[in-house]
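Chemist: Which chain is which? The protein sequence lines are A, B and C, in order.
With the first letter of the first sequence counted as 1, position 120 gets the number 120 in the numbering used here; the numbers rise by one all the way through.
Plus 1000 on top of the position in the second sequence (first one is 1) and you've got the numbering used here.
Plus 2000 on top of the position in the third sequence (first one is 1) and you've got the numbering used here.
Read the hints as simulated data drawn from the structure, not as lab findings.
None of the values given here were measured: they were computed from a predicted structure.
Cross-link-like lysine to any residue pairs, in silico, SDA-like; alpha carbons within 25 Å at most: (1) B/Lys1026 to A/Leu151; (2) B/Lys1264 to A/Arg158; (3) B/Lys1217 to C/Arg2241; (4) B/Lys1019 to A/Thr143; (5) A/Lys172 to B/Gln1111; (6) C/Lys2123 to A/Met25; (7) B/Lys1270 to A/Glu125; (8) B/Lys1270 to A/Leu140; (9) C/Lys2169 to A/Gly81; (10) B/Lys1264 to A/Arg152; (11) B/Lys1019 to A/Leu140; (12) C/Lys2123 to B/Asn1168; (13) A/Lys144 to B/Asn1274; (14) B/Lys1019 to A/Arg152; (15) A/Lys172 to B/Met1103.
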Amino acid sequence: MSAVKSVSLQNEIEQKANVNLDTCMQCGCCTGGCSGIDCMDYSPRQVIQLIKKNQRERLLKGKTIWMCVACHICEDRCPAGIRISRLMDALREIAIADSSLKPNMQTVFHKTFLGQVKTFGRTHEGLLMMAYSRKTKTPLPPTKLIIDLLLRMRIGMRPPHIPGKSYRFIIKKVKEGGNVHGA
Amino acid sequence: MVLKIGYYPGCSLHEGMAKPFDTSAKLVCRKLGIGLQELPDWNCCGATSGHSIDHTLNLALGARNLNLVTKLGLHAVTAPCAACFANLKKTSHDLKDPATCQMAQELIGEQIADVDVIHLMDVIAQPAVLETLKGKIQNKFKNLKAVCYYGCLTVRPRFVTEAADSENPQTMDNLMQLLGIETVDWSHKTECCGGSFSICGPEIATIRTNEVLSQAKATGAEAIIVACPLCHSNLEFALHAESSKIPVVFFTQLLGLALGYSVKEVGLHKMLVNNFPWIEKLTS
Amino acid sequence: MDIINKDVLVIGGGIAGMQAALDLAASGCQVVIAEKEQCLGGHVKDYTCLFPDLSDGSALVAQKIARIKTYSNITVQLATEVSDLEAVSGGFKATLTNNGKAKTRDFGAVIFAVGYSNFDGTKYGEYGYGRYPGVITGIEFEQNIEKVLERPIKSAVFIKCVGARDRSKGMPYCSKVCCMYTAKQAKELKRAHPDADVYVTYMDIRANFKNGEEFVRSAMEEERVCYIRGRVAKVFPKNDRLTVRCEDTLMGVPFELETDLVVLATAMVPLKSTNALVSKVGGKVDDNGFINSLPLAESSNPMEVAKGVYYAGACAFPCDVRESLNQGSAAAAGVISYLQVSGRP
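Extracted from the complex, chain A is given alone in its bound form (with noise of 0.2 Å):
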């Protein structure tokens, strides 16, 4: 890793998360509270240094902007103001268009949910546990649980939601310009 400044993905993330970098002290307050740190290879802190140090495969490659829980605590007090959560979206969008990456559970979560969303125009609970423990081929909820909820009818049973046109409408103009993640 070179200590010589380079700005190509410091520029690229500034503009889609409309951040300025540089007001970063590497205080740590943002890594003290996070609350996905337990699971995470690089710090919220050490993310912004990555970025200024173009350090663009480790960071989309890593787990860190997948295990980011989007709880906003880092943001909320970070003392320079930077809007670390949006700066976690943004290099989760450019790590999901790069058809190299590999799949993982939450890149599997996201996309099932959102293809559902794109059909349906909502989510139904049920099918779309269903889809995503078939897909990553995870086991349902303990059988215990899974009773008592039927038995309180807390399971949604009707079938899902059919969307009007205005909603098609939408889904189509998505598809036709700005970023579709396939599912």
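Following the hints, put chains B and C in place on chain A, whose structure we already have.
Modeler: For chains B and C alone, kept in the frame of chain A given last:
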């Protein structure tokens, strides 16, 4: 006095685990003179996945929902679900930028007007509505110690939610205190439960949910009061796995009980802990 | 323009104001000190172990008060606020209010030495100030030092920059003196509890005073105060103690530690309403509420705020004790030359 406002239930309240949140919210609003008008053919707000990987779709989803409010002839919308509230409010905030607004108008094919997005807690906390509430309380709670859990999205980020305090908010606590509930101060009011990562990243969500629960339990609280369907299911399911007797309930359910609705009407019998002595805790 | 009345009003009886009054009186001026509290001394009377000779603030204040008493041309008005100030032909009209009774007096020159307040620690809800008894501010540490040092602690964490260098919910500036007094407080705590783990969490260490760097280094190297580079994210109660959540940015490792005492070095902030009086007499206040001096090339004395108006001390920007004294003398020099030049032939 009927205050008319757009109503956005969102996917979880409409059909799923959090249907009791929707039911109790509607009952409470009816008694308080809040005229909820559900947005016709509303679409998903995008939840976490929308803003995480598809900024354009996310904008379109939000803009269409806000436009549905305008089409009803209204200028404000409320959502009980914290995530839906946060997404709608963020879109409303983003649409103030002319370039974003222009893009959104092309995506939805409609002119976009300003729409206020207010969380249901804050609608009820308006002075005029509070006066109505105080006048209509039929039962107050006694000997009920509970913690109010706001989660992330009812309060953060401050520049979007305009929350007065994102570390130690009081809105829900104040409402519950009016009902006679002893709300306990605790440190994790706005810490994250892990959200949808309980499904797609349980390794982190379990840590977060357990931390919130351990701090809640350390206060000696008998119940956890929430304002978000995902906080609700994450906490509820974790407690269920321990066979815990602590119920996790929506703030509108307790408002409903105080306003005279029955345990069944507000859906408290549908909670995983369905044998909590709610009636014994109420006085007339 | 002839100055009709050459009395000087010093607003504030802290060390800056007292020093200014002494230098003015020694030069023959008639001085009135208007002090809003019941006694002179401002904040410094509560400071202990003044850097660098570790003398007591109350001793310094007592010395100034004793010297003030020797001058018949210094009138001290305690429990008195300056409720209004006006520039009039030949000087200023000040309304001094004491016990609800207001009296107006003429002055030839005014020195603002109103000092500072501290940033409200409750604005940082994540630190639990006001909620958890183990969390105090640096100024409270100073004011209750004996009690604080008596607390049986196994660990303490000092958090710097609370309300400072924060564009989001604090003040954007650096409060200048916190690094030094935190090092001092950490040293004192370590001396009182040699077996305790004492930590200072910082973003930077600014020790730009004479012997400052050496002092901070000695806290680390001799008292073994543990300095960790990281801005604390959260303080919360757990297991009957306090847990501090932070990142050690030099190691790149987030961590939690259990502690018994958390001290917040809260920023020095301006007293906005008093400083606003300055605008009534041609002076300017900056975006943060601090008094602004005139641009250097426009003024004859660096403490000059407007014609006949001067400042001294923390009302213009956070400063330490020595600097307040320096500025008090400098303001007095400015007033003396102003009154001589604009006086009788």
